[in-house]
Amino acid sequence: MSTQISIKDLKQFNHFAQGNEIRLQSIIDHVQVSNVPKGAKIIELGDTSEFGYFLLSGSLILKAADGGVKVIEAGTESARNQVAQLVPRRYQVISSTPVTYLKVPNPLLNAFHGAGSEEMESSIILEEDGVGGSDEETQTASEFAFENEISYQLYQELQNDTLVLPSLPDIAIRVGEALKDETKNVHHIAEIAQTDPAITAKLVKAANSAMYGGSGKVDSCSGAVIRLGTQVTHQLVMTFAMKELFQTSSKLLNRRMKRLWEHSARVAAVSHVLAKKLGKFDPEHALLAGLVHDIGVLAIINYATQFPEAQENRQILDSTIKSLRGQVGSMILTKWGFPEDLPAVAADAENWTRSPASKRADYTDIVIIAQLHSFIGTDDMATAPAIDAVPSFKRLGLSQLTPKMSLKLLDEAKEEIAEARALLTA
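When we follow our numbering, the leftmost residue of the sequence shown carries the number 991, and every step to the right adds one.
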């Protein structure tokens, strides 16, 4: 059951108290209103979802990891603030009576953050999101307000289906269509691939690599397709074609896009090898999953070319990426018609504490572990959890090997990882 809320309902919370009524009205349709019975779990301990929670009626029990408990009742001063605001959440939140609460996406929440408050008058420390550095920098109030405006505008375009998203490369579409056509054979698929000399060269290189263990040298595109098989060829063509998307018209953002490509290629290579070692995943599908896990970041970087301030100020772009990378990425891969497990990868690839109801490991688990492995030896390692401390480690069955043995498994695969990465970045 849902409940209609009003501007008055929003203004009872400190976060929205000074908000412009026109802006408040514009977000009401995007606020999720939930009614739950007594005893319902609303927020789990360690939750990292990108939402803010507000208590509209009833009372809540907040349980900390150390056993501490506190109660919040609607209408009291403590209920005027967000519930369990810090992420990862430091409390498990349970309803102690029937409760109505609001769930607001962070991009919309950020658009009102600190309006008219002391927070906006002071400097705000933001932390880098992990792609491109880990420095902490000071951000002024005007920069923070502009950053929130970008997030808000991008989010509105997402909701209204007016955001211009990147298109799947033409050659990947044509190979996919040929595979669905029963009249097309291996040679037809090879002819399509040959329209792109760079992809042809990579297919031949892949067919001759140790990754696919072929005996005898292949020197033609047709021979490569025959050795690889049509399904593997299709997945590799999609993977190789992705590189052309990692471009931007902005000279200021070129370096950022290059770092994103290098990160994606590293994660894809580790994902491929990890899937192969585990034996219960398709290595080529894992390769593609690793390569597209940050496709949302790519789209946001290109979106930022409209805003000179975002190009010149890394913090503005970083915060927008942190808020919307998963949602934008998932939308792009859904639009492209990718299998539903790949939009799920884009949505949760940075959710280190992800622990879905299903105990069955999936490609998101593969990419999470691949990302953490790719951080080894980089600045990102300082802020990332240990590989053996995340739920994905256990779900993949790596914990059965013991942490040292499982990390050794990846360490011994350095040459394979390097080969897969070289194939992508050539």
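Hints should not be assumed to be uniformly reliable.
To be verified - With beta-carbon atoms standing in for the labels, derived distance ranges:
hint, residue 1, residue 2, range
1, T1368, P1298, 26 to 36 Å
2, Q1149, S1348, 23 to 33 Å
3, K1384, D1056, 22 to 32 Å
4, V1023, S1389, 13 to 23 Å
5, E1172, N1150, 37 to 47 Å
6, S1016, S1389, 39 to 49 Å
7, N1071, K1270, 26 to 36 Å
8, L1242, D1056, 41 to 51 Å
As the list claims (entries may be wrong) - Okay, derived cross-link-like pairs now, DSS-like style, lysine-lysine, Cα gap no bigger than 30 Å in a straight line:
hint, residue 1, residue 2
9, K1270, K1398
10, K1349, K1053
11, K1053, K1170
12, K1028, K1349
13, K1207, K1195
14, K1248, K1267
15, K1241, K1170
16, K1267, K1174
17, K1028, K1060
18, K1404, K1233
19, K1398, K1384
20, K1270, K1241
21, K1266, K1195
22, K1266, K1233
23, K1349, K1404
24, K1248, K1325
25, K1266, K1384
26, K1384, K1241
27, K1031, K998
28, K1001, K1060
29, K1404, K1325
30, K1267, K1233
31, K1325, K1174
32, K1384, K1404
33, K1195, K1170
34, K1093, K1267
35, K1001, K1031
36, K1207, K1267
37, K1053, K1266
38, K1001, K1028
39, K1174, K1093
Think of the hints as simulated: they come from the structure by calculation, not from any bench.
Everything numeric in this text was worked out from a predicted model, so none of it was measured.
Ideal placement from N, C-alpha and C gives every residue a C-beta, glycine not left out.
Evaluation of the provided hints:
One distance hint, 26 to 36 Å for the beta-carbon pair T1368 and P1298, holds here, with the actual separation near 29 Å. Separated by about 28 Å at the C-beta atoms, Q1149 and S1348 satisfy the suggested range of 23 to 33 Å. The supplied range of 22 to 32 Å is met by K1384 and D1056, whose beta-carbon atoms lie about 24 Å from each other. In this structure the supplied range 13 to 23 Å is violated for V1023 paired with S1389, their Cβ-Cβ distance being about 40 Å.
Distance hint check for E1172 and N1150: the Cβ-Cβ separation is about 40 Å, which falls inside the suggested range of 37 to 47 Å. At roughly 47 Å, the beta-carbon separation of S1016 and S1389 lies within the given 39 to 49 Å, and the hint holds. Separation of N1071 from K1270 is about 46 Å and departs from the stated range, judged on CB atoms against 26 to 36 Å. A hinted range of 41 to 51 Å holds for the C-beta pair L1242 and D1056, which are about 46 Å apart.
Distance check on the hinted pair: K1270 and K1398 sit about 19 Å apart at the alpha-carbon level, within 30 Å; holds. Only pairs whose Cα atoms come within 30 Å are accepted, and K1349 paired with K1053 is accepted, the gap being roughly 25 Å. The suggested pairing of K1053 with K1170 is violated, with an alpha-carbon distance near 53 Å, which exceeds 30 Å. Between the alpha carbons of K1028 and K1349 the distance comes to roughly 27 Å, so the proposed pair stays at or under 30 Å and holds.
The hinted pair formed by K1207 and K1195 meets the criterion: a straight-line CA distance of about 10 Å does not exceed 30 Å. For the suggested pair K1248 and K1267, the alpha carbons sit about 29 Å apart, so the restraint of at most 30 Å is met. For the given pair, K1241 sits about 40 Å from K1170 by alpha-carbon distance, which is inconsistent with the 30 Å threshold. Restraint check: the Cα-Cα separation between K1267 and K1174 comes to about 33 Å, which exceeds 30 Å; the hinted pair is violated.
Of the supplied pair hints, the one linking K1028 and K1060 holds, its CA atoms being roughly 16 Å apart against a limit of 30 Å. Between K1404 and K1233 the alpha-carbon distance is near 23 Å, which keeps this suggested pair within the 30 Å criterion. About 16 Å separates the Cα atoms of K1398 and K1384, which keeps this hinted pair within 30 Å; it holds. Taking the CA atoms of K1270 and K1241, the gap is near 42 Å; set against the 30 Å cutoff, the hint is violated.
Between K1266 and K1195 the alpha-carbon distance is near 19 Å, which keeps this suggested pair within the 30 Å criterion. About 23 Å separates the Cα atoms of K1266 and K1233, which keeps this hinted pair within 30 Å; it holds. A C-alpha spacing of about 29 Å is found between K1349 and K1404, which places the hinted pair at or below 30 Å, so the restraint holds. Restraint check for K1248 and K1325: satisfied, since their Cα atoms lie roughly 24 Å apart, inside the 30 Å limit.
Taking the CA atoms of K1266 and K1384, the gap is about 17 Å. The hint holds against a cut of 30 Å. Simply put, K1384 and K1241 have alpha-carbon atoms about 42 Å apart, too far for the 30 Å limit, and the pair is violated. Pair hint K1031 plus K998 holds up; C-alpha atoms about 27 Å apart against a cutoff of 30 Å. Proposed proximity of K1001 and K1060 is supported: the alpha carbons are some 24 Å apart, at most 30 Å.
Taking the CA atoms of K1404 and K1325, the gap is near 35 Å; set against the 30 Å cutoff, the hint is violated. This hinted pair checks out: K1267 and K1233 have alpha carbons roughly 26 Å apart, not beyond 30 Å. For the hint pairing K1325 with K1174, the CA-to-CA distance comes to about 25 Å; that is within 30 Å, so the pair holds. The straight-line distance between the Cα atoms of K1384 and K1404 is roughly 22 Å, inside the 30 Å bound, and the hint therefore holds.
Taking the CA atoms of K1195 and K1170, the gap is about 25 Å. The hint holds against a cut of 30 Å. Using a Cα cut-off of 30 Å, the hinted pair K1093 and K1267 is violated, with the two alpha carbons roughly 41 Å apart. Taking the CA atoms of K1001 and K1031, the gap is about 26 Å. The hint holds against a cut of 30 Å. Pair hint K1207 plus K1267 holds up; C-alpha atoms about 25 Å apart against a cutoff of 30 Å.
Taken as a hint, the K1053 and K1266 pair is broken in the structure, with Cα atoms around 41 Å apart against an allowance of 30 Å. Our distance criterion of 30 Å between C-alpha atoms is met by K1001 and K1028, whose separation comes to about 26 Å. Between K1174 and K1093 the CA atoms are separated by roughly 50 Å; this puts the pair beyond 30 Å, and the hint is violated.
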